[in-house]
Every structure is written in C-alpha cells, then in structure tokens.
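Chains as they are written, first to last, in my numbering: chain A, 1 to 263; chain B, 1 to 294.
Careful: at least some of the hints might be erroneous.
To be verified - In silico DSSO-like cross-links for lysine-lysine, where the CA-CA straight-line distance does not exceed 27 Å:
1) A:Lys-235 <-> A:Lys-184
2) A:Lys-111 <-> A:Lys-160
3) A:Lys-111 <-> B:Lys-160
4) A:Lys-117 <-> B:Lys-81
5) B:Lys-187 <-> A:Lys-74
6) A:Lys-184 <-> A:Lys-229
7) A:Lys-160 <-> B:Lys-81
8) A:Lys-81 <-> B:Lys-187
Read the hints as simulated data drawn from the structure, not as lab findings. None of these values were measured; they are calculated from a predicted model.
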Amino acid sequence: MLKLNSVEVAYLNVIRVLHGVSLNVEEGSIVALLGANGAGKSTTLKAVSGLLHAEEGEITDGNIEWNGERIDRKNAEEIGKLGIIQALEGHRVFEHLTTEENLQVGAYQRKDRHAIKQDLDMVYDYFPRLKARRRNTAGYLSGGEQQMLVIGRAMMATPKLMMLDEPSLGLAPLLVEEIYHIIKRFNIEHKTSVLLVEQNVRIALSIAQYGYVMENGRVVLDGTANFLKNNEDVKEFYIGLSAMGTKKSYREVKHYKRRKRWL
Amino acid sequence: MTELLQFVITGVTVGMVYSLIALGFVLIWKSSGVANLALGQLVLISSWFTYGMLVQVGLPLWLGFPAVILFALALGWIIEKFALRPLIAQPILSLITVTLGVAFFIEGATSFIWPKSVAALPRFFPQATVHIGTAVVSQEYLWAAVISFILFVLLSLYFKYHRMGIVMRAAADDQLAVQACGIPVTKIFSMAWMLACILAAIGGILMSSIGGITFGLTETGLKAFSVVILGGLDSFLGAIVAGPIIGLAESLGGGYLTPLTWPGVREIIPYITIIIVMFLKPYGLFGEARIERI
Numbered sequence: 001m002l003k004l005n006s007v008e009v010a011y012l013n014v015i016r017v018l019h020g021v022s023l024n025v026e027e028g029s030i031v032a033l034l035g036a037n038g039a040g041k042s043t044t045l046k047a048v049s050g051l052l053h054a055e056e057g058e059i060t061d062g063n064i065e066w067n068g069e070r071i072d073r074k075n076a077e078e079i080g081k082l083g084i085i086q087a088l089e090g091h092r093v094f095e096h097l098t099t100e101e102n103l104q105v106g107a108y109q110r111k112d113r114h115a116i117k118q119d120l121d122m123v124y125d126y127f128p129r130l131k132a133r134r135r136n137t138a139g140y141l142s143g144g145e146q147q148m149l150v151i152g153r154a155m156m157a158t159p160k161l162m163m164l165d166e167p168s169l170g171l172a173p174l175l176v177e178e179i180y181h182i183i184k185r186f187n188i189e190h191k192t193s194v195l196l197v198e199q200n201v202r203i204a205l206s207i208a209q210y211g212y213v214m215e216n217g218r219v220v221l222d223g224t225a226n227f228l229k230n231n232e233d234v235k236e237f238y239i240g241l242s243a244m245g246t247k248k249s250y251r252e253v254k255h256y257k258r259r260k261r262w263l
Numbered sequence: 001m002t003e004l005l006q007f008v009i010t011g012v013t014v015g016m017v018y019s020l021i022a023l024g025f026v027l028i029w030k031s032s033g034v035a036n037l038a039l040g041q042l043v044l045i046s047s048w049f050t051y052g053m054l055v056q057v058g059l060p061l062w063l064g065f066p067a068v069i070l071f072a073l074a075l076g077w078i079i080e081k082f083a084l085r086p087l088i089a090q091p092i093l094s095l096i097t098v099t100l101g102v103a104f105f106i107e108g109a110t111s112f113i114w115p116k117s118v119a120a121l122p123r124f125f126p127q128a129t130v131h132i133g134t135a136v137v138s139q140e141y142l143w144a145a146v147i148s149f150i151l152f153v154l155l156s157l158y159f160k161y162h163r164m165g166i167v168m169r170a171a172a173d174d175q176l177a178v179q180a181c182g183i184p185v186t187k188i189f190s191m192a193w194m195l196a197c198i199l200a201a202i203g204g205i206l207m208s209s210i211g212g213i214t215f216g217l218t219e220t221g222l223k224a225f226s227v228v229i230l231g232g233l234d235s236f237l238g239a240i241v242a243g244p245i246i247g248l249a250e251s252l253g254g255g256y257l258t259p260l261t262w263p264g265v266r267e268i269i270p271y272i273t274i275i276i277v278m279f280l281k282p283y284g285l286f287g288e289a290r291i292e293r294i
C-alpha cells in the first residue's frame, strides 16, 4: 500500500541524507524502521508525510507511491487527507491546550461530529489515563501521558497509515510495554497499518511483522521480525546480545574481530 | 474630582479600542510569528473605506457596515496570500519587513484614493450626552467600550470552543505538529490576517466616530503596539488588560501634565510606557510562560 522506491532526500539542496531508500508497507501490517541516531529514519517518515518542505528538505530522486498513486510531490495537507498521519518524535503536544483540545485538533479534518465524539471515547478507552486528565493543560502531563496524547491525537484522524516516530523515547520500560501493547491493539482492531521508527529494537520487533535496518541513509538489512530477531548482527549491534544469545560480557569484547556482515 | 472621573472614563474606553486593535496583532504573532507593522495603516484604510461607503456612496448603515467587514476580510486575505505566503519558510525578518512594505503601500493607496486629510463619519450613535456621577460623557465613548467588550467575549468563546479557534491556538504552540495532523497552516495564517483586519476595521470605525478620520489614525496602530508590548506579545489577556492601562496613562498624563509641561505630551506617553516596560519586564505583564516540567 505504501511503497518507497529508491528515495533520495537532500536538505538545503546540498546535504544528502537519504541515499536511495526503498521500503514497503503492506495493508494492515506493522513495519519497523530501525537504526541508530542520524540513520535517516525520521527523514524517511517526513519524506512520506510531506513535512520535509517545512525543513527545507526535498526529495531529489526516486518516488513514493500510495496505493499506486505517486504522492512525493504532494504537500502535507493532501497527504494527511489520504489518511497518512505522522506522530512526531519527542512528545510534541500542544502545551497550552487541554488534553481534550489536543485530541480535537487531531480530528480537525473530519466533519462528522458524531463519529468524532465516538472516537474521543475510543481514545479514552485505549488510554484511560488521558480520560482522567482530559481537562488538564497538556504541557503539565507526564512524559508518558504526553506520548499517549500524541498517539491518541494521531488516532483521532482515523488514519489508514499511522507513522510513529520513537514512541518509546524517554519512557520507563513498563510504560513502553503498555504503549506498544495499545499500538498493537489499535492495529488489530482498526486494520490500521503502522510504520514505526524505533531505536529500541527488541520492543519494536515484538509487535512488527517486518523490519528494515537503516544506517547512514541506506537500508542495510530487511526481513521478517523473526529473521531480524535471530540475525547475528542485529543481536550483536542493536539488541546487545552476543552470538550465544546470552547477555554480552564486556570482558570478552573484541569489537574489531566482529564486523557487520552487511558492510 | 469631576475632571479625574472624566479622564478615567475616556481613558478606559479609548483604551478598550486599543485592546481590540492590539488583539489583531497578537493573533498574527501567535499563529505565524510575524509582527504586523501595518496595524495602523489597516485602521486608516478601513476608516476611509467606511467613509467612502457611508458618505461618498451613501449606503445606509445596515449595508455600509457589512460592506466594511467584507472589505476587511478581503484585505486580510489578499495581504496574506500575495504578500506573505510567497515568503513562507524565509527568515522571519523578511516577513516582518514585508508588512512594513504593506504599511507604506496602504498609506500611499489611501492618500491616493482619499486625498482629503480630514473627514467625519456620519453620526450613528445617539448624540445625547450621558452623566456618570459628575462627569459628562458623549455616547461614542460608551458604545466603543460596549462593542469592544462584546467582541472580547465573542473572540474568547471562539478560541475556546470553535474548531478553527482551537487549531489556531495549537499552531501558536507547535506549527510542525499541526502540519503533521494534516492541517493546512496556510489556512490558519490567512484566518489570522482576516480576523486581524476585521478587528482593525471595527477599531477604526470606533476611533473615527470619536475623533473623526485623520492621518493620526495610523498612530492608533502605534498605540496598539505599546499595548501588546505592555501586555506581552503572545497574550490575549495581556492585550485586553493593557489597553485600558495605556488609555488611562494617556488621558491622565495628557490631562494633568499638559498644563505643567508642553502641549502634545499625551502623544508620547504610550511610547514612554513602552520604554519603561522594556526595562522592567521585557516579556510584558502577561507574556506566556514557557511550560517546563521539572
């Protein structure tokens, strides 16, 4: 349903950050985009959602298809109308608005008041904590609640494809589990595809069916979640387990011996 | 005592009109981060347009005022669409400079279309004076206050409950996140400009019903600046509170200082206020605090 064909992105016409990224998101699936800082994961999401223009970025080559239609020349508004909604990285709530107002902003493009009301209840059902805080100013919510609010806001737009940028960022492990559980539930109950950017490889692969590993603006490895989980390199460099599958002992570390096989 | 009461009433009522105009500034500042330097010129041209509709064309009031509002809407839309939108994503200073260009353009166009320097609107408020305590006030002042107050209430309801109003506040917090929700920010900017122009037009009508249409109306824009600086650039409440304060300072200072110093001292009082505020409280009285969780 979403297809990137060797997309290249440059900022300010000079700084090339994506060197031909291709990936695929099937309808109703969860796809994880993994990699370290600066690998180009967020840029990939912004290329899809049309937010690059706001940051002086541009797709210089390749194309993006949505159900067979090219969308790489469309702006953020048109892409949003197609049902592709991105939740930005780093708990970006509207600080001076209340929780409920934040959610209403998410539903701005929709006209059906009755359904919006129902979806508000649906989001509160997924995130009971938000319901308790509905009249509070969003800027004063805890980090976890803000992340829930950002995801809830994306849900309010009834997306066909929800793109989440590091939902685990800065949250306690228990909270991360909770949020991922809810993402999975939403994916199953609403048949919404999810494209997930994550550094926390273990948790991302626990709900994703397919994953791509990015480094320096390229996809270096891709495969089903099971394949990636059992890949030696992914285990070594992203999950922190040694080849034996046990916890890594730093006494025996000889990094120079083991090289990533994709290099 | 009578004198004091008189000064207070005229100061507060005129100040409320300043607030009204200042709200237009805050709106644009909050939603797009642009300082609109054409505020006074917007007041000027819409006052002259009102004169054109009511006196030169001779429309009845019920037709003339909607025409002015439509004119203001169109003006805001055109300015945003043709002067500011091409510059989106350029340095903010360019955008602010463009508003200065718009100001000069409007000023030129106004004196081209209406070469007269002074005119009076027909009197549409009842002429009987009103006695408040010992003070005698002409009704224009009171109506100005009432209309401004009603508009404050309407605006705050709009921002609290209307979809577009909520989204405009959201854009003030985080533009990129608004775009990520698939909301066109350009629509928000153009809405802000249209609202600001309507407020400037209504402010212009109220001001010129009090003092006639003169070139001095552009100074209303400058006074509205001192209001926003005193109240805090990004605060609606600040603008509403600071307006009457500036109005009071102006009328009290003007009233009591003129005999002691020199004529025209009232004109500089708002600017003296700006300087003092800049020293003491650079973010203004109600500048929105950045929310930081600890």
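Checked hints:
no.: 1; hint: A:Lys-235 <-> A:Lys-184; result: holds, 23 Å
no.: 2; hint: A:Lys-111 <-> A:Lys-160; result: holds, 17 Å
no.: 3; hint: A:Lys-111 <-> B:Lys-160; result: holds, 19 Å
no.: 4; hint: A:Lys-117 <-> B:Lys-81; result: violated, 34 Å
no.: 5; hint: B:Lys-187 <-> A:Lys-74; result: holds, 17 Å
no.: 6; hint: A:Lys-184 <-> A:Lys-229; result: holds, 18 Å
no.: 7; hint: A:Lys-160 <-> B:Lys-81; result: violated, 32 Å
no.: 8; hint: A:Lys-81 <-> B:Lys-187; result: holds, 15 Å
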